[in-house]
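Asker: Take a look at the letters that make up each chain.
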Amino acid sequence: MKHTKHLIAALAAFVLAGCGKPAPSPTTEASVPPAEPAAEQATSTSTEPKTLSVFCWSEYIPQSVIDQFSKETGIKVSVENYASNEEMLAKLLAGGGQYDIIQPSEYVVGALIKENLLHPIDHANVPNLTNIKPTFLNMSFDPGNQFSVPFMVGSVGIVVNTDLVKEDIKGFADVFQDKYKQNIVVLDDAREIVSWALAYKGLSVNAVTDENVAAIKPLLAQWLPLVKVYDSDSPKTALLNGDVAIGVVWGGEGAILLNEDKKFKWVIPSEGAHLFVDSLAIPKQSKHPMNAQAFMNFILRPEISKQISDAFPYTNPNMAARALLTPEQLANPASYPTDEEISRMEIFTDIGEQASKVDEIVTSLKVQ
Amino acid sequence: MAGLAAASLGAKDSRTYRRTPGLLAWLVMLPLLAWLVLFIVVPTLMLVVVSFADRDALGRVVYQFSFDNYARAFNWIWLRVLLQSVGYALVTTLICMALGYPAAYFIGRAPVRWRAILLMLVMVPFWTSFLIRTYAWITILSKEGLINGLLVGSGLFAEPVTLLYTPFAVILGLVYNFLPFMILPIYTSVEKLDGAMIEAAYDLGAGPTRAFSQVIIPLTSPGITAGALLVFIPSIAMFAITSLMGGGADPNIGEVIYKQFTAGRNQPFGAALGVLLLLIFVAALWLTQRMREED
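Chains A and B are the protein sequences, given in the same order.
Numbered according to my numbering, the first sequence spans residues 1 to 368.
Numbered according to my numbering, the second sequence spans residues 369 to 663.
I should point out that these hints are in silico values taken from the structure, not numbers from a laboratory.
Given the structure is predicted, the values throughout are model-derived calculations rather than measurements.
Among the clues, some could well be false.
As the list claims (entries may be wrong) - Distance condition first, Cα-Cα at most 25 Å in a straight line; then the derived DSS-like pairs of lysine-lysine:
hint	chain 1	residue 1	chain 2	residue 2
1	B	Lys511	A	Lys262
2	A	Lys263	B	Lys511
3	B	Lys511	A	Lys179
4	A	Lys287	A	Lys71
5	A	Lys262	A	Lys166
6	A	Lys170	A	Lys263
7	A	Lys265	B	Lys511
Unchecked claim - What follows is a list of derived Cβ distance ranges for each label pair:
hint	chain 1	residue 1	chain 2	residue 2	range
8	A	Leu219	B	Asn443	18 to 24 Å
9	B	Ala651	A	Glu167	48 to 54 Å
10	A	Glu167	B	Glu527	53 to 59 Å
11	A	Pro62	B	Met488	37 to 43 Å
12	B	Leu646	A	Asp168	29 to 35 Å
13	B	Leu514	A	Ala331	34 to 40 Å
14	B	Thr507	A	Glu167	25 to 31 Å
Using N, Cα and C, we set each Cβ at its ideal position, and we do this for glycine too.
Next up, chain B with everything else stripped away, as it sits in the complex:
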């Protein structure tokens, strides 16, 4: 009987600990909630509502229910643009991972007094506007630019090489811009990594490869997933890079949506494409969440 009483008492206790937030807590949370509702929930709902509407000749939204925008969106033209954008984002994420992991590991294992400086170096490019950095790449990669000047000037190449306005330039621009978003979360995981665990792995007979794949990678996986999401999601619709460095010949889904809101004068259709893109983001988040839970 005593045991039973203790169990029920324990249950009661846990209930009291998990009680609903009091008035003060709600007041403290109010600004955050208001922000979330105003700038995330309301705009998303507006997007969904508009995606089922129609428009007039000047592009004004006419609130008349129809599925036409979604019917039109499931066309090979738009799906191809979407797949292409996701493809670029995946390649970007993988390259960022390959480059970012060693960098983050090195910074995280460096002597403490060096870490702040190394981290700052990762951040330095962000002191300049994104557009200025992108235009700098245009001057570096163009046919009469820095690299071609060196290649042709040194006699290595007779003709300038086409670097700008190619898929290579797009990937370069995306990796360059998103690499810090991979390095920083992995760094936080590496910094927390317990050296004793690695030593234990070696003591138990694991080689460097085994220690890395079975101890270091699993222990830093939260940083890897966070970094992958931070790179993958924004790079899908990053059309400034595809149009400035890619020449706009491979349209990006972000650009296609932007054009529906402007030149195409079809906000409802743009909204429908936006909702589909949002669903991809939700799916990506859900997948990583599930992977994390399985771990």
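The following block holds chain A by itself, in its conformation from the complex:
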């Protein structure tokens, strides 16, 4: 029977070691006894139980920020992470967790508002909203910010390793050339990839109609065989290791690469780029909306928002927090595009059932 035991141990080890993708990390709990009231504290005057369940992107809210919130308010925070908007949407709609705070991107905020799935925000509870730059308030997906407050903003752009690429790269047309075959990393995100081809053709990134998708298919059929790596989680890895020379990546990832080595250059595609606005919102079924609004107000506090920028260098929409950043941080072109550049960027709207078609097109071209 001894060998049977070995076998079982092997199987158990395998199952425990996890056999999937980088899974969302398990719920972490930060429980701290209530602190003494002080003048500057975030106050929660409600009678809600002192708990808050946060469902946010992985690598976006530092644990230290969560801990400080718990320490000040005595609210016990549990955090769960996700790796894509749709993963969050699937769990939220399945009613699995009783989340109080979610962190959807703009097009998902729009879709959730349309389905009446968000809890309205009372601006009296979130006075720090005035710290946000007016450009990022009152946006088309949530007029008047009735249901969401901006957390971080960012764009998708091109990173070039100038040691390996001597040519001046200006846009997608320069990236997807035969001479860079097997030397490119792109986000593993069908909607993103399709939006680049739409921008190249001079179409709106949101014009995902059957007709337009058919029109860009031949272009994508040329582009995708040139790609070496598809990675949305950490596209910087392949660039840092020298396995590819060019990448189309998130602004925050680009900013880290630029800080890492001077050989990396950030380019905003001349054809047009996509601006994403990741927000904080409260699901309709939340049982702690007052705690959630206290959390929102806490996140929008300048010194807290600065800590988030220190850890994850996306575009901080909080002007009071930007005033606390170093000139080097503000000079990083991947973190802080100019106002003129931002004005040329489009934001995504929800494409609903077309998401399935977009996925099919990209998958079919990957296996061609």
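Put chain B on the given structure of chain A with help from the hints.
Answerer: Then chain B, alone, in the frame of chain A:
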């Protein structure tokens, strides 16, 4: 007459031995049955039900009967992904067999006091998380990694060699992760192997090749089939390896299904692909079962 009576008595006896389990036996089995029903039967039925449903714009399942998901699944795009995944799994199984059999044989025939240590060495990698081991391979294989550092540094190669994000890296990652699943079952068969049988084969004039192919292989075949199944089935949909070490350029069927449940917002279609994958597993199990019965 006596013989007939004895025969009928014998039949009666065998019936009494094979009587249905009593109440106590059922009670003892209850936790296992509950586990099987809750975590295997119910989820599989849910998967089948959802695979015939539809979904709305946000991806919520709408229970409205349709065959559309299966009609869409029998498209060359998805079948190609499936075939490619099965192909990778087959190559992985064959390499694991070629590497695992000699290793298992060696461990199984080693002196008893060595066996535990050798088996432990097979298990040692499992003490570290699967993801950490895979990320370690990324650092070893990348262009500025360990192997290329040695190759270029020693002057053997002028330019770094592309190792990572290739089919080679995918196979390497799969073989590395699944090799113990081949070694352990073969080891159990080898350990039970009666040395007298091999000696008998030699005494009857068989050479080493003949003794191996006609005595050792058939006697250890239960371990070989068990190992092959343990490697083949999980490696079909092991998309963590294809995306981390293969760069995701050859999509794996597991990844494609995962994307239907997330970005594609089409759980019913993902469920239909899942059911097809399940049928492949059932077919593989059925085939090996039949092969075993023929033996």
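Asker: Could you run down the list of hints and mark each one as holding or not?
Answerer: Hints and how they fare:
1. Lys511(B) <-> Lys262(A): 19 Å, holds
2. Lys263(A) <-> Lys511(B): 17 Å, holds
3. Lys511(B) <-> Lys179(A): 19 Å, holds
4. Lys287(A) <-> Lys71(A): 21 Å, holds
5. Lys262(A) <-> Lys166(A): Holds - the C-alpha atoms of Lys166(A) and Lys262(A) are around 14 Å apart, at most 25 Å.
6. Lys170(A) <-> Lys263(A): This hinted pair holds, its Cα atoms lying about 16 Å apart.
7. Lys265(A) <-> Lys511(B): 20 Å, holds
8. Leu219(A) <-> Asn443(B): 18 to 24 Å: 22 Å, holds
9. Ala651(B) <-> Glu167(A): 48 to 54 Å: Roughly 52 Å apart at Cβ, these two residues keep to the hinted range, so it holds.
10. Glu167(A) <-> Glu527(B): 53 to 59 Å: 20 Å, violated
11. Pro62(A) <-> Met488(B): 37 to 43 Å: 40 Å, holds
12. Leu646(B) <-> Asp168(A): 29 to 35 Å: 52 Å, violated
13. Leu514(B) <-> Ala331(A): 34 to 40 Å: 35 Å, holds
14. Thr507(B) <-> Glu167(A): 25 to 31 Å: 30 Å Cβ-Cβ, so the 25 to 31 Å window holds.
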